[in-house]
Each structure stands twice: as structure tokens, then as C-alpha cells.
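S.K.: Residues per chain are reported as follows:
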Amino acid sequence: MGQLSTKHLIAIEPLQTNDIELILDTAVNFKEVINRPIKKVPTLRDITIANLFFENSTRTKISFELAQKRLSADVVNFASSSSSVKKGETLLDTVNNILAMKVDMLVMRHPSPGACYFLADKIDAVILNAGDGTHEHPTQALLDAFSIREKLGTLKGKKIAIIGDVMHSRVALSNIYCLQKLGAEVTLCSPPTLLPKNIAELGVNISYNIDETLAWCDVANILRIQLERQQTQYFPSLREYAMYFGVNKTRLDKLKKEIVIMHPGPINRGVEITSDVADSHHSIILHQVENGVAVRMACMYLLANTTA
Amino acid sequence: MSSQLLLNNTQIHLMLQRLSREVLENYLNEEIFLIGIQPRGILLSEKIYTILQSISKNKVYHGSIDDTFHRDDFRRGKIVTANTTNISFEIEDKKIILVDDVLYTGRTVRAAMGALLMYGRPKKIELLTLIDRRFKRELPIQPDYVGQSVDTIENIQVKVDWNNKNNKVVFVN
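These protein sequences, in sequence, are chains A and B.
Quick note: the first sequence, position 141, residue 869 per the numbering used here, numbers continuous.
Quick note: the second sequence, position 7, residue 679 per the numbering used here, numbers continuous.
Don't take each hint at face value.
List of simulated lysine-lysine pairs, BS3-like, C-alpha gap at most 30 Å [what the hints assert, rightly or not]:
#, chain 1, residue 1, chain 2, residue 2
1, B, 840, A, 768
2, A, 767, A, 815
3, B, 729, A, 767
4, B, 837, A, 767
5, A, 797, B, 796
6, B, 796, A, 759
None of these hints come from the bench; they were simulated from the model.
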């Protein structure tokens, strides 16, 4: 029998390896559930969950909502663009008003790093971070780890490359923590301008050469170039980025081995990854999407225990 | 903790033979679908499956079901880690025999039936159990095939110890 050592799921960094393994093991059972003829279980029928999205999201929001509905939870959705936040209401007031309506769990995406930590100190409800600025995106890291484990059997000793815009990515940071806790070796590969200072202190390898990185790794997790978060020009042009850091079929054909291609989405086709790679047999991108629902079901199932 | 022997290996062996033959009496020339309830019902259902295969010409299928996500005690102090479900056959319109080692309150069987109905609509669901702890039922559930019925007081557990050479059922106090 297992229980998470944490009340909230805000980041991977403070999680114990046991917690991560428990979530991944539980997700295996939920993957079986979502492949049944009837993809629903009554487990969270007495729980109300609010999805608070202060930032745009398509797949994460749908993934969470499907996961909640398949657990039979009651779900309410909130989008800041059509809410009283526009009238000047504070985050804490907004959340307290929602909690006053007897909500048990919050799934929150917020543009400010640390927004979930800020709330966790002030409210009783369980908080699940669906991405806070450039800080962490824990469920994405968990579903990535789940997908790699499903494909390769284990993460222990595997070589994982995270390629692309690490600077603006919350996925990268959560992935680094998660993969390292599960025993994988991580290399970051991107232009120097897209790597945060001192990132090597996390114990990752750094590479500026995509071909060497692809030759080294078992798995390439390719990140999106987040143009919407870039105030300054970090590289001369998208075409040049695609030439020097884009993963394409020519590069993969040069390798004398099979590697697994991942991408958290949405994809800039032709920039960080070409269509023929994204849609190839190397790619597990759509498996990641499917696994996302199972992993999020596992997270909410295990966290709901802490609301008892 | 003290334990008292209720059934020894020989008695269990005879009981398994009898239960298998009872099933056969009701399934003349029919396919038999056994589904063990995780975790401990699996062990019993595997044994019944093996015996049925050796004593009959009926086609026998075997699967397992996990009821964790259908339990009614979630968030009530008991934390349950899920097991796997493995049903490789269609249950739609089939007669299914659910198998568990000990029937007590009936809540596990209810949860297992809930989980099973997620796979389709069986024609009939029957229940086979090695031990029926009578008078402690909390739901209106009764077994169709029983190894032995026992009466116990609440703080006594009935434990089936599956050990290939020395199976036994004990009261644990």
C-alpha cells in the first residue's frame, strides 16, 4: 500500500523517488482503465475539482478535464480571460471565493513561477500545478517519464537529451529533476543563449552540438521554441535554428541506432522538429498525450487521499 | 497474535475438487469464464481453472479483476494500491463466475461487480468462494458455490494461506 509523502503536487524537485514511482505504477492501472470499453471509474465521485487556468492551454487543460471526468469527479472550469481577474481581483480572493463553494482540489496554471507555492501556504485545498511560468510542470515530467519507461522498460542508466529552448521551458526543469531521480543521465542541448546560467549545477551535461547529442542519447525530448516568451532575439532566425538545432530525418538517418523522439507539444513543425520525424515510428508524441490522462488520473487519485 | 487451524491441505484439496465439480454440474457443455478478484481470489481461481481443465472438456477461460477504483472505502482511512486487471475475453452476454477466497462483508464483491460491468453486460454473474463468513454481510450478496461456511466474531480474521504443498485456512486472533 502506498501513499504520497506530499499533500500538494507543485513541483518534482521536493518529491521523493518513492512518490514518483508510486504515481507511475498507479498510472499503469489507470491506463488500463482508459482503454476499457467504459473508460470511467467512480473513485472521485465525492470530490469537486476546479481547473484554474490563468494562462492559455489546450492539451493540458483537456487532459486534466478528461482525467477528472474519468475519475467521476465534479469539475468546474475557470479561465482568467473571462473572469473577475480582469476587474482587478487578486489571485487569493479569486481562489478563496472558489473554495467557499466547497471545492476540494485546485488544478492551476499560472504565468508566475511560484504561484502555487504562494497559495499552498494560505489555503486548505489540495493544489496540483499545471505549469507555473518557467518554473515547473510536474505532470508533464511524470507523463514523459511514464512514456519512456513504457517504451524502454526502465529509466535507470538511460541517456536522455533535452533539446531546445530550455531557458523558457518549465517542462525542462521538471524533466531534469524527474529523470535524475529515476536514475537517468540528462544532457541539455541548445544554443548557449537558450540555456539558463548555472544550469549545469543540476548535474546535467551541456552540449551545443545536436549531432553529437543525438548520437549519445537513447531518447531525445525536443522542446518547443517559445517565441511568445522571448522578449529579445536569442538566435538570428528560425531558419538558422532549424539548421543547427532542428531534429530532421537526415540527422536521424546518420545515426546507426534507433532513438525515441518525444515532444511535449505544441509542435513548431519545421523548426525544432520536422514533420517526417514527428510522425515517424521513432516518435512517441501521441503516446505521451494518451499517457498524460492516465498519469493525471493517478496524481489526482493519490492526492485525493490526502483530503480525507 | 495466535492462529487456529480451520482447514488443512487435504481438506482444501478435496474442497477444490468438489467446488470444481459443482461448477461443472451447472455448466454442461458450456464455456466457463472464471474471474479471480485481486489479489487473493486469483490464487483460488487459478486452482479451480487448473482442475476444471483436467477433469472436463469444457473450454475454460481465466482472468482477474481489480476492484480498487470501485471501492466504497476510498478516502476513509484505508489506502489501497491498485493491482492489474487482466480480462482477455469478451464478457458481453457471458455467464461469469467471480472467485474470491473469503466472503465477508460483501463490499469487495460489490466493487468487483462494479469493475466487471465496465467491460460489458454479462448474462449472469455467479460467485464462488472458499470460505463464507456468515452473519457478517453488510450488503445483500450471497455465494453460489461455497467451500465452507464459518461463523466468527468480529476481531477474528480468516486467512487462507496458499502454499503449494501446505495450503491451509486459519483463524487469526
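S.K.: For each hint, tell me whether it holds in the structure or not.
M.R.: Going down the list of hints, with the structure as the test:
no.	hint	result
1	B:840 to A:768	violated, 38 Å
2	A:767 to A:815	violated, 40 Å
3	B:729 to A:767	violated, 36 Å
4	B:837 to A:767	violated, 41 Å
5	A:797 to B:796	holds, 29 Å
6	B:796 to A:759	holds, 27 Å
Hint violations for this structure: numbers 1, 2, 3, 4, all remaining hints satisfied.
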